[in-house]
Structure formats: C-alpha cells, structure tokens
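Peer 1: Under my numbering, the first residue of the sequence shown is numbered 642, with each subsequent residue one higher.
Errors might be hidden in some of the hints.
Claimed, not checked - Estimated spans, in silico, between C-beta atoms of each pair:
# : residue 1 : residue 2 : range
1 : Leu883    : Ala739    : 43 to 51 Å
2 : Ala910    : Ala676    : 36 to 44 Å
3 : Leu774    : Pro674    : 36 to 44 Å
Hint data in this document are derived by calculation from the structure and do not stem from the laboratory. This structure is a prediction, so every number in the text was calculated from the model and none was measured. Backbone N, C-alpha and C fix where the C-beta goes; we use that ideal spot for every residue, glycine too.
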Amino acid sequence: MASRGLGAATLLSLLLALNAGTAAAAACAAPEPGAALWLGHSRWDESDAQGRRLLRESGTLAGARLSMALRCEGWHGEADAGWRAGQRDYRGLSSSGAAIRTHSDIEERSLRVSLWRPLLPPSNGRAELALGLRGEWRGLDRDLASVGLVQGYPEQHRQAALALGLAAQQGRLGISSAPAGWHWGAELWLGGGPRGTVDVQLPTADAARLRTGRSAFGEAALSLRSPGFAAQSGPAGWAHELRLSLRDERIAAGPSAPLWRHGVLVGSASQPRHRLVDAGLQATVVWRYR
C-alpha cells in the first residue's frame, strides 16, 4: 500500500516540477487547487471466450478527487488524484456452475495527468476547442464476499492507459434564465493501455499474479461551469463545475498462469475479459488566486 501511494506522489511531484519549470519560460497564471465529490453507478461484466456472460456486478460508488491545474499561454495542464469506494451486487456462477448471489467491496485509487492545447479560440458565439493528452493509472481492489459454502477472495487490479481528448467550451449558455456568465463544456476521450496485472488470493491456492489483456475505453462528459472556471485570467475566488460523465472500458482476457499450493501445482487460472461502465455526477470547486 505504501509503495503504491509513493508512486502516485512521485508522479504528481514530477508534474508539478515540470509545471514550475515551464512557468519560468512562459506566462502562466498561479496554480489552481481544486476538490471534487463524485457519486455514480458502476457495472462490471465478465464473459468467456464465446461471449457468454460469467458474472455481473452493479452498485453505487462514491468518492473524491484533489487536483492542481496550471494555465499558461498556449497550453494548460492538470494533475489529480482520486479515491472512490462502495459495494456492488454480484450475480454469477461458481466453479461448479451453480448460481451465486453475493456482493463485492470496491476500493479504487487513481492518478491522472492531462495536458491541453487550444485549437480554436471562441469567436462570434463559436465554442472554444482544445486537444488533450492524458495519462492515467488505476488501482482497483475488489473483495468478493463469501456466501454459503462458496468462499470469497480478494483481487487487486492495476492498469495504466493513455488517451486523446477533444474539449469544447461555450462562452455562454444561451438560456435567458441561466445565471450570468455560466457556460457549458463537453469532453470526449478515446484511449487504451497495455496489459495490466491482477493479484489474486484464491481460497485453494497460494497468492498469484495474473495478467489482463489490453484495454480500450471511451469517455464522454457534459459540464456546467461558473464564470472564469477555464479562463487563464480572472478575479480571485471560487469557481464551480457540475459534470455528468459516462465511461465504457473493455479489457481483453489475459493468458493462463499456473496455481501453486505449498510448492505443488494445483491448477491454472486466467483473468476473463471484462467490461467496466461508470456513470456519475461530479461537483468541483476550484480556488483561483489573483
């Protein structure tokens, strides 16, 4: 646990150091710290090689994010660290083919680093467009609860990915009843990553590390923002954002790995292909310095 936290802190420190160095060579506004709360629905599906569903989990997760943004002439960057947790209902099959209904406890940690480059400035009511590049890392702990004679077990998933994004921001809402200066924003991300890892502790074998297949995902978001939320200059004070997002991620099956028990080979296991869908609402506040 300590090593994972150290790795996330190191990446965040490197980004802030890079931002500090760039700020010396370009006109940058003061860094903007932010905090967000997230609440949403999460669904996890696993399927076999023939596409038959092996299990489905669904439930509500809640979490928070801390961020630091830096806006400079011609580009801006942001680093954020997130945590969320909750419980998903589990419906699947045991190794003998019997139907099982139980639950999984979920805890997720993530780190993201994003860079944006404006493409089109707003003009005559036209939306501002920007191109983005994002790197992300996720650690997901999934603890399947025991039910009856079927024993549960914990899993620890680790995955990294890169994504390209396109963002649009409108200077005003165009709604007469909307608060003055509020505007809308939209983002679309497409990305993927290399094979990840799954550390699993099955009841009948020693701890094992499995590999997943490659990942691919799409993410879309719509947001409502207060004045000055995404501007490079503006008055000091709080800025706010409400954001609706949907992410659909698919991870391919991994290769088979041997399972051992006290030095004796007892079988093999592989991580099936799975799909993770998250939909949620995020409320963000950002403090802007003069």
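Peer 1: Hints the structure violates: just list their numbers, smallest first.
Peer 2: Hint check: 3 fails alone, others pass.
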